[in-house]
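Student: Build out the structure end to end from the sequences listed, making use of the hints.
The opening residue of the sequence shown carries number 1 in the UniProt record's numbering; numbering runs sequentially from there.
It is worth saying that the hints were derived from the structure and are not from the lab.
It is possible that part of the hints are untrue.
Stated by the list, open to error - Here are the simulated DSSO-like pairs of lysine-lysine, each with C-alpha atoms no more than 30 Å apart in a straight line:
#1 Lys53 <-> Lys84
#2 Lys509 <-> Lys260
#3 Lys216 <-> Lys174
#4 Lys85 <-> Lys311
#5 Lys509 <-> Lys377
#6 Lys563 <-> Lys633
#7 Lys509 <-> Lys360
#8 Lys158 <-> Lys174
#9 Lys216 <-> Lys85
#10 Lys158 <-> Lys208
#11 Lys514 <-> Lys635
#12 Lys641 <-> Lys587
#13 Lys311 <-> Lys377
As the list claims (entries may be wrong) - Quick list of simulated restraints, FRET-style, between CB atoms:
#14 Ser191 <-> Gly17: 52 to 62 Å
#15 Pro13 <-> Arg470: 15 to 25 Å
#16 Ser536 <-> Lys332: 41 to 51 Å
#17 Asp299 <-> Asp656: 23 to 33 Å
#18 Pro56 <-> Gly492: 34 to 44 Å
Don't be surprised by glycine CBs; every beta carbon is placed ideally from N, CA and C.
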Amino acid sequence: MEVYTVKVEESRPSTGGKPSAGPVYRCVYAKDGLTELPSGLESPWEFFSGSVKRYPRNSMLGQREVVDGEAGPYAWRTYEDVYKKAIQVGNAIRERGVNPGDRCGIYGSNCPEWVIAMEACNSHGVCYVPLYDTLGANAVEFIINHAEVSIAFVQESKISSVLACLPNCSSHLKTIVSFGKVASAQEREASQLGVSCFSWEEFSSSGKTSFRLPPKNKDDLCTIMYTSGTTGDPKGVRLTNGAVIGEVVTTELLLQETDKVVTEEDSYFSFLPLAHVFDQIMENYCIYKGASIGYWRGDVRYLMEDLRELKPTIFCGVPRIYERVYTSVHEKLSSGGALAKKLFQYAYDFKLKNLRRGIKQDEASPLFDRLVFNKIKQVLGGRVRILISGAAPLPGNVEEFLRVATCSVVIQGYGLTESCAGCFTSVANVFPMMGTVGVPVTTVEARLESVPEMGYDALSEIPRGEVCLRGKTLFSGYHRRPDLTDAVLEDGWFHTGDVGEWQPNGAMKIIDRKKNIFKLSQGEYIAVESIERAYSQCRLVASIWVYGNSFESFLVGVVVPEKGPFEDWAAANGLSGGFQSLCENQKAREHVLEELDKTARGQQLRGFEMVKAIHLEPTPFDMERDLMTPTFKLKRAQLLKLYQGRVDQLYREARDRMRGEFSCQ
Numbered sequence: 001m002e003v004y005t006v007k008v009e010e011s012r013p014s015t016g017g018k019p020s021a022g023p024v025y026r027c028v029y030a031k032d033g034l035t036e037l038p039s040g041l042e043s044p045w046e047f048f049s050g051s052v053k054r055y056p057r058n059s060m061l062g063q064r065e066v067v068d069g070e071a072g073p074y075a076w077r078t079y080e081d082v083y084k085k086a087i088q089v090g091n092a093i094r095e096r097g098v099n100p101g102d103r104c105g106i107y108g109s110n111c112p113e114w115v116i117a118m119e120a121c122n123s124h125g126v127c128y129v130p131l132y133d134t135l136g137a138n139a140v141e142f143i144i145n146h147a148e149v150s151i152a153f154v155q156e157s158k159i160s161s162v163l164a165c166l167p168n169c170s171s172h173l174k175t176i177v178s179f180g181k182v183a184s185a186q187e188r189e190a191s192q193l194g195v196s197c198f199s200w201e202e203f204s205s206s207g208k209t210s211f212r213l214p215p216k217n218k219d220d221l222c223t224i225m226y227t228s229g230t231t232g233d234p235k236g237v238r239l240t241n242g243a244v245i246g247e248v249v250t251t252e253l254l255l256q257e258t259d260k261v262v263t264e265e266d267s268y269f270s271f272l273p274l275a276h277v278f279d280q281i282m283e284n285y286c287i288y289k290g291a292s293i294g295y296w297r298g299d300v301r302y303l304m305e306d307l308r309e310l311k312p313t314i315f316c317g318v319p320r321i322y323e324r325v326y327t328s329v330h331e332k333l334s335s336g337g338a339l340a341k342k343l344f345q346y347a348y349d350f351k352l353k354n355l356r357r358g359i360k361q362d363e364a365s366p367l368f369d370r371l372v373f374n375k376i377k378q379v380l381g382g383r384v385r386i387l388i389s390g391a392a393p394l395p396g397n398v399e400e401f402l403r404v405a406t407c408s409v410v411i412q413g414y415g416l417t418e419s420c421a422g423c424f425t426s427v428a429n430v431f432p433m434m435g436t437v438g439v440p441v442t443t444v445e446a447r448l449e450s451v452p453e454m455g456y457d458a459l460s461e462i463p464r465g466e467v468c469l470r471g472k473t474l475f476s477g478y479h480r481r482p483d484l485t486d487a488v489l490e491d492g493w494f495h496t497g498d499v500g501e502w503q504p505n506g507a508m509k510i511i512d513r514k515k516n517i518f519k520l521s522q523g524e525y526i527a528v529e530s531i532e533r534a535y536s537q538c539r540l541v542a543s544i545w546v547y548g549n550s551f552e553s554f555l556v557g558v559v560v561p562e563k564g565p566f567e568d569w570a571a572a573n574g575l576s577g578g579f580q581s582l583c584e585n586q587k588a589r590e591h592v593l594e595e596l597d598k599t600a601r602g603q604q605l606r607g608f609e610m611v612k613a614i615h616l617e618p619t620p621f622d623m624e625r626d627l628m629t630p631t632f633k634l635k636r637a638q639l640l641k642l643y644q645g646r647v648d649q650l651y652r653e654a655r656d657r658m659r660g661e662f663s664c665q
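Tutor: This is how it looks when you write it as structure tokens:
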């Protein structure tokens, strides 16, 4: 068996109250040292300006033109076009008094203007700060003030929400630029608070001075990206030019070693949020290589239509999107004839066998790729050759299906904003890495640290523990929060909070979360304790345990009802029987779920934070069954062990109900 990591330091035993730590590993492609950042590349601006020189007339940014509600073909701006506009916008930014090192907000859906604003900032060493509202109702206001954003580029439909928070942040924010037009009433509203408001074209043509582009340095701050991850205010992750460069360079190196690198002939479909680091790194990589980037319309109903129109060669998604493709294909197969099913299964088994033998994707079954799997390839436009999945674990059955039936290399990775996107990646065409997030990228080293309280030992025969990282693509701290920085950085190691397990081939498998925070399958973070606190406000709830995992897109829960109010409601609605029989009553279960929904809305929980199915438990959670600590905290592992069968049933019920609701629409 081939091993894809090399040990560079021995393990550390438990000392001075510190838990033990396993050996330090690097990717085999960095066995002689971590990848060096290339000389002559000091900021992501050089990625762009270099490609402008090499591929001035290549299509760079594309968007579908919508006329009278009908979307036409993609209209493209060349690298040269985008460069000229970025220089114009950069001059206008400087003319507004924004200098290198100052902060510029960018707020809106993926579109060419987003990237042009980003490149304009890069050209003058202005730190750009993505703004987005999924972190909570007051997140935009908080980020503007916390990062001291002085100018913001804003999607036309988002201007009203920026104006709403302007009274509380106008001491910093002095200029708002729309991605499109701006209403005269909005200009007046902003000007009353001393803030100037511009349309895109008005602003980009307003720069009368040609400012000299300042020198840049790898250690300069490129972006501050705010992330949730924990309760409380969003955290500003500081990423340098060097971190972004390193992440792009390691992507290139790993593809060079294991598959085909991206070239100027490739095209990338952009729909994952540009406000997140994953898509930003992918777009920077495509720009570095002179490839084309086409944007979706921002409406999930038309996602697949946009995809088929663009016909990209590179597609990045989250598990939820890939699950939809998997489900759609299997529904079509199940409604087809017996002969078609038999042929598909034969072709599937044949190719899967060859992949398991180590044969590369494009050599495993060329005949069946043309005759059987080509129709599935057309679902993603017909030209995709690289599929990348991140944000949450990809279910095994879905990953296997994608590897076999899409005629594409499938790469699953793991990363955080703090690691500037991917810090682990599976190696292309290495089938045994299925079900893992792969090996460390070539710019970081990794080790596991024991978590004794959870029973994870980094020095055991099967090493398990908290994933810790160090290297060249990590963040340089949380903005204006040294306390939070110190809490996760120790002895040069970043503690991710995720629990991993080293596989025999050197790949990492993420198996748990050290804290009670996890991601759903669409990549949204869930802070489960705060959700439980919100639901505890419901008068019918004595206690509640909320459960979710990275393979599911929604939450379920177990509720111990408050006996008095629950029995009073039952009596008023003609339900008889004891407390236990009431908990088993379907009508009672539906009523408690309705009350939880009301409470959730009152507590301003977001849609993905609301439980979709519940079990009513007549017996309170207690210490006797080891379900609670002496301080009355829930023991989640023990609760899951006790209710695993019930949880599985709740997920089945909720999925069946949602499918029924969808088919009735």
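Student: Run every hint past the structure and note whether it holds.
Tutor: Quick rundown of the hints versus the structure:
At roughly 12 Å between alpha-carbon atoms, lysine 53 and lysine 84 fall within 30 Å of each other, so this suggested pair holds. Simply put, lysine 509 and lysine 260 have alpha-carbon atoms about 25 Å apart, close enough for the 30 Å limit, and the pair holds. Between lysine 216 and lysine 174, the direct Cα distance comes to roughly 25 Å. Compliance with the 30 Å bound is thereby established for this hinted pair. A threshold of 30 Å between alpha carbons decides the hint, and for lysine 85 with lysine 311 the separation of about 27 Å falls inside it, so the pair holds.
Only pairs whose Cα atoms come within 30 Å are accepted, and lysine 509 paired with lysine 377 is accepted, the gap being roughly 28 Å. Under the criterion of a C-alpha separation no larger than 30 Å, the hint pairing lysine 563 with lysine 633 is consistent with the structure, at around 21 Å. Distance check on the hinted pair: lysine 509 and lysine 360 sit about 23 Å apart at the alpha-carbon level, within 30 Å; holds. With a CA separation close to 17 Å, the supplied pair lysine 158 and lysine 174 stays within the 30 Å bound.
Between lysine 216 and lysine 85, the direct Cα distance comes to roughly 20 Å. Compliance with the 30 Å bound is thereby established for this hinted pair. Distance check on the hinted pair: lysine 158 and lysine 208 sit about 28 Å apart at the alpha-carbon level, within 30 Å; holds. Only pairs whose Cα atoms come within 30 Å are accepted, and lysine 514 paired with lysine 635 is accepted, the gap being roughly 13 Å. Note on lysine 641 and lysine 587: the hinted pairing holds, with a Cα-Cα distance of about 27 Å set against a maximum of 30 Å.
At roughly 10 Å between alpha-carbon atoms, lysine 311 and lysine 377 fall within 30 Å of each other, so this suggested pair holds. Taken as a hint, the range 52 to 62 Å holds for the pair serine 191 and glycine 17, whose Cβ atoms sit roughly 59 Å apart. Between proline 13 and arginine 470 the beta carbons are some 19 Å apart, a value that agrees with the proposed interval 15 to 25 Å. A hinted range of 41 to 51 Å holds for the C-beta pair serine 536 and lysine 332, which are about 45 Å apart.
Under the hint 23 to 33 Å, the C-beta atoms of aspartate 299 and aspartate 656, about 27 Å apart, fit the expected range. Between proline 56 and glycine 492 the beta carbons are some 43 Å apart, a value that agrees with the proposed interval 34 to 44 Å.
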